[in-house]
Amino acid sequence: MTQASHSQEATVIAPPIDVRSVSKWFGNVVAVNDVSLQVNPGITGLLGPNGAGKTTLLHMIAGLAKPSEGEVKLLGEPVRDNPQLYHRVGFMSEHESVYGFLTGREFVELAARLYGLEPLSPPVDRAIELVGLTDVQGRTLSTYSRGMRQRMRLAATLVHDLEVLLLDEPLNGTDPRQRIEFQNLMRKLASEGRTILISSHILEEVELLAGSILLMVSGKLAASGDFHAIRAKLDERPYKVRIVSSDSRAMAAALVRLDAVDSVSIDAEGAVEIMTRNVSDLQRSVPRLAQEQHIRLLRVEPLDESLESVFSYLVER
Amino acid sequence: MLVLLRISVRQLASRSRLILILLLALLPVGLAALVSATLNEDSTSNGEFISTLLDGLLIAGILPIVTMVLATASFGNELEDRTLSYIVLKPVPRWLIVLPKLLASIIVGGLVLIASGVVATLLGASSLGAVLLVLDGNLQATLAVGLALFAGVVTYAAIFTWAGLVSTRAIAFALVYVFLWEGLISSFLGGVRYLSVRGYTLSILHGLDDKSFGPLGERVIEFPAALVGAAVTTAVFFWLTVRRLRRMDVP
Numbered sequence: 030m031t032q033a034s035h036s037q038e039a040t041v042i043a044p045p046i047d048v049r050s051v052s053k054w055f056g057n058v059v060a061v062n063d064v065s066l067q068v069n070p071g072i073t074g075l076l077g078p079n080g081a082g083k084t085t086l087l088h089m090i091a092g093l094a095k096p097s098e099g100e101v102k103l104l105g106e107p108v109r110d111n112p113q114l115y116h117r118v119g120f121m122s123e124h125e126s127v128y129g130f131l132t133g134r135e136f137v138e139l140a141a142r143l144y145g146l147e148p149l150s151p152p153v154d155r156a157i158e159l160v161g162l163t164d165v166q167g168r169t170l171s172t173y174s175r176g177m178r179q180r181m182r183l184a185a186t187l188v189h190d191l192e193v194l195l196l197d198e199p200l201n202g203t204d205p206r207q208r209i210e211f212q213n214l215m216r217k218l219a220s221e222g223r224t225i226l227i228s229s230h231i232l233e234e235v236e237l238l239a240g241s242i243l244l245m246v247s248g249k250l251a252a253s254g255d256f257h258a259i260r261a262k263l264d265e266r267p268y269k270v271r272i273v274s275s276d277s278r279a280m281a282a283a284l285v286r287l288d289a290v291d292s293v294s295i296d297a298e299g300a301v302e303i304m305t306r307n308v309s310d311l312q313r314s315v316p317r318l319a320q321e322q323h324i325r326l327l328r329v330e331p332l333d334e335s336l337e338s339v340f341s342y343l344v345e346r
Numbered sequence: 067m068l069v070l071l072r073i074s075v076r077q078l079a080s081r082s083r084l085i086l087i088l089l090l091a092l093l094p095v096g097l098a099a100l101v102s103a104t105l106n107e108d109s110t111s112n113g114e115f116i117s118t119l120l121d122g123l124l125i126a127g128i129l130p131i132v133t134m135v136l137a138t139a140s141f142g143n144e145l146e147d148r149t150l151s152y153i154v155l156k157p158v159p160r161w162l163i164v165l166p167k168l169l170a171s172i173i174v175g176g177l178v179l180i181a182s183g184v185v186a187t188l189l190g191a192s193s194l195g196a197v198l199l200v201l202d203g204n205l206q207a208t209l210a211v212g213l214a215l216f217a218g219v220v221t222y223a224a225i226f227t228w229a230g231l232v233s234t235r236a237i238a239f240a241l242v243y244v245f246l247w248e249g250l251i252s253s254f255l256g257g258v259r260y261l262s263v264r265g266y267t268l269s270i271l272h273g274l275d276d277k278s279f280g281p282l283g284e285r286v287i288e289f290p291a292a293l294v295g296a297a298v299t300t301a302v303f304f305w306l307t308v309r310r311l312r313r314m315d316v317p
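Chains as they are written, first to last, in the numbering used here: chain A, 30 to 346; chain B, 67 to 317.
These are computed hints drawn from the structure, not numbers from a lab.
Keep in mind it's a predicted model, so treat the numbers as computed, not measured.
Check the hints yourself; a few may be wrong.
[Unchecked claim] BS3-like, lysine-lysine: derived pairs with alpha carbons at most 25 angstroms apart:
no., chain 1, residue 1, chain 2, residue 2
1, B, Lys-156, A, Lys-102
2, B, Lys-156, A, Lys-217
3, A, Lys-95, B, Lys-156
4, A, Lys-249, A, Lys-95
5, A, Lys-102, A, Lys-249
6, A, Lys-249, A, Lys-269
[Claimed, not checked] Far from chain A, by Cβ distances over 12 angstroms, these chain B residues were calculated:
no., residue
7, Val-178
8, Leu-246
9, Ile-251
10, Gly-257
All residues carry an ideal CB built from backbone N, CA and C; glycine is no exception.
Input sequences plus hints: build the corresponding full structure.
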């Protein structure tokens, strides 16, 4: 091997977050199933409905949980049993519990001390100011509102100079103004070259922030890449929907005329099953059709198990 | 490490826990005071009373219970309320997390238990009271009680800190261990005393002052064996706790 190729190999930079064939199961329950992904500097959203496996995946990326299979590397190093790596990484979990007997400032100072920061005051002051809680830093955390606790936890996460930031549902409990401030802060941190991975089950939270997303459904990585491209793909996906009504045949006849419907059939129990690629149109049309035909709708449900969550998720928007 | 020690002590020293510990610690003191007021000047019967009080009540009962309440909570509480991640996701070697947790239990429990044991011994040893006893040259007995209880607290704390990290039902495990192994089995099977924290504590007490605690002679093992046993048990469970913290999934 030539010296030049040696040097070329050395300059290949590993992605800050590198997850390879990772699975995690608890007894018979598979929480994360063979997920591989790389996250580069900038803001990436980890999106998926509740129970999709986002938190378990984030815990494995942060080193809190050991993968049942596969490996996770942060900044090119194995994350498990590697505490020195946390000098460069910050993680904020979705659990909102804190040491209630500490003041907000003491809580941030605790983090700063454990990171070995010296002198202590400048980074602590800066972090608390960043989240806008300077005025209440002397109050015990038990007296904070949910949103304030969340912000002080963020201050403790940001107290050191990190390269990778992992945030699990960081906007829980925050109000619209705080969300905007949070988005501005994340954009600023990302513009400084940091890698930020934010999980959320709310599309709008990620939509405004992340250029690329990782979409998890039922423990699997369903899609990854550019946010708008994935969203378009999701909208184009055919969905199987079951409709139980007071008159299935009349309902089927009405549905087959809709552009949003690809196919219509009646199952063994007499319910209508349809395939659609346009969930939002269907969502609007079905109640209108039922009303026009004087049919009573009893139940509308997605049938494809693996897509159920995604379906509900899109329909709920 | 100091910051973790401070926070661990504050976590453990909750009002309800302190009240429970103080009430338990006052039991032997109250009993000793009561008996010392009624006993005669017969030093033999006083010695027997102190030995029974220390072994039967303090070392076999209150010492493991108090240490259990504290040490199982030192990690157990943080696992339960999911605050442990604030500590483990920091660039701190795992042993430097375990050590302050262990020390916190020893400080909070040890101070109270040693004070209880020493005061009970002073009161029970002489109907004339503590000051006279110390002046009388019996300082050795109080030192022996203090050091033996310290060894007991440290050893139990190491075992129960590990239990608190391993199981969410650490208290149940600890109760079974204390009453079955330390209380019942080690009382009847002499060989078990070599693997019993109660056996180590009693033997250290007797080894440091066999004159004052003569009645314990039938229930002890060799003094060096007790010292080594307590040290090895502490070291092994400390290592197991560090190992567990490195390998476990933190909620």
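Against the structure, the hints come out as follows:
Restraint check for B:Lys-156 and A:Lys-102: the C-alpha separation of about 17 angstroms stays at or below 25 angstroms, so the hint holds. Restraint check: the Cα-Cα separation between B:Lys-156 and A:Lys-217 comes to about 24 angstroms, which is no more than 25 angstroms; the hinted pair holds. Taken as a hint, the A:Lys-95 and B:Lys-156 pair is honoured in the structure, with Cα atoms around 17 angstroms apart against an allowance of 25 angstroms. A threshold of 25 angstroms between alpha carbons decides the hint, and for A:Lys-249 with A:Lys-95 the separation of about 17 angstroms falls inside it, so the pair holds.
Restraint check for A:Lys-102 and A:Lys-249: satisfied, since their Cα atoms lie roughly 19 angstroms apart, inside the 25 angstroms limit. Under the criterion of a C-alpha separation no larger than 25 angstroms, the hint pairing A:Lys-249 with A:Lys-269 is consistent with the structure, at around 20 angstroms. The beta carbon of B:Val-178 sits about 20 angstroms from the closest Cβ of chain A, which is more than 12 angstroms, so the claim that it is off the interface holds. With a least CB separation of 30 angstroms from chain A, B:Leu-246 remains clear of the 12 angstroms interface cut-off, as annotated.
At roughly 34 angstroms from the closest C-beta of chain A, the C-beta of B:Ile-251 stays outside 12 angstroms, upholding its exclusion from the interface. Even its closest Cβ contact with chain A, about 39 angstroms, leaves B:Gly-257 beyond 12 angstroms, as expected for a residue assigned away from the interface.
The earlier numbered hints are all upheld by this structure, with none contradicted.
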